[in-house]
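For any residue, its number in this note's numbering is found by taking its place in the sequence shown, counting from 1, and adding 1.
Hints may be right or wrong, so weigh each one.
[Said to hold, decoys possible] As a list, the in silico EDC-like pairs of lysine to aspartate or glutamate whose alpha-carbon atoms are at most 16 Å apart:
no., residue 1, residue 2
1, Lys3, Asp69
2, Lys4, Glu60
3, Lys3, Asp44
4, Lys4, Asp65
5, Lys3, Asp66
6, Lys4, Asp63
7, Lys4, Asp69
8, Lys4, Asp66
9, Lys4, Asp44
10, Lys3, Glu60
Don't read these hints as lab results, they were simulated from the structure.
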Amino acid sequence: MKKCVCGNTTFYAHQVCRLDIVVDGDNEFVRNAFATADASIYDSGNPYGPYTCTSCNREYGDWDDIPDIQ
């Protein structure tokens, strides 16, 4: 498990997701196909950085840059 130098173990990251949506006759987004975005997601990629500690905001460029808990 990874751990920020401040001791926190949760991080903000990025992820690409694909979801089903509804469009209008101009191919413009109207709404998600289902009630929420998470219910409409059918595919998602791996999280990627930069990773930011949710406690102290320290930024790590890559997952491997975050120290492992010893």
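> Going straight from one Cα to the other, do Lys3 and Asp44 come out at no more than 16 Å?
Replying inline: violated, 25 Å
> Taken at face value, is the distance from the CA of Glu60 to the CA of Lys4 at most 16 Å?
Replying inline: holds, 12 Å
> Straight-line Cα separation of Lys4 and Asp65 no greater than 16 Å?
Replying inline: Given that 16 Å is the threshold and the Cα spacing comes to 11 Å, the pair holds.
> Would the pair Lys4 and Asp66 pass a check requiring their Cα atoms to be no farther apart than 16 Å?
Replying inline: Holds, because 10 Å separates the two Cα atoms, which is no more than 16 Å.
>> For a C-alpha distance cap of 16 Å, please report whether Lys3 and Glu60 respect it.
In response: Since the Cα atoms of Lys3 and Glu60 sit roughly 13 Å apart, the hinted pair holds (cutoff 16 Å).
>> Need the status of pair Lys3, Asp66: alpha-carbon distance at most 16 Å?
In response: The hint holds at about 9 Å.
> Would the pair Lys4 and Asp63 pass a check requiring their Cα atoms to be no farther apart than 16 Å?
Replying inline: Judged against 16 Å, a Cα distance of about 13 Å means the pair holds.
> Under the criterion that the straight-line Cα-Cα distance not exceed 16 Å, is the pair Lys4, Asp69 satisfied?
Replying inline: holds, 6 Å
> Can the restraint linking Lys4 and Asp44 be considered satisfied, given a maximum Cα separation of 16 Å?
Replying inline: Distance ~28 Å between Lys4 and Asp44 Cα, so the pair is violated.
> Taking 16 Å as the top limit, are the C-alpha atoms of Lys3 and Asp69 close enough?
Replying inline: holds, 4 Å
Against the hints set out earlier in the document, violations occur for numbers 3 and 9.
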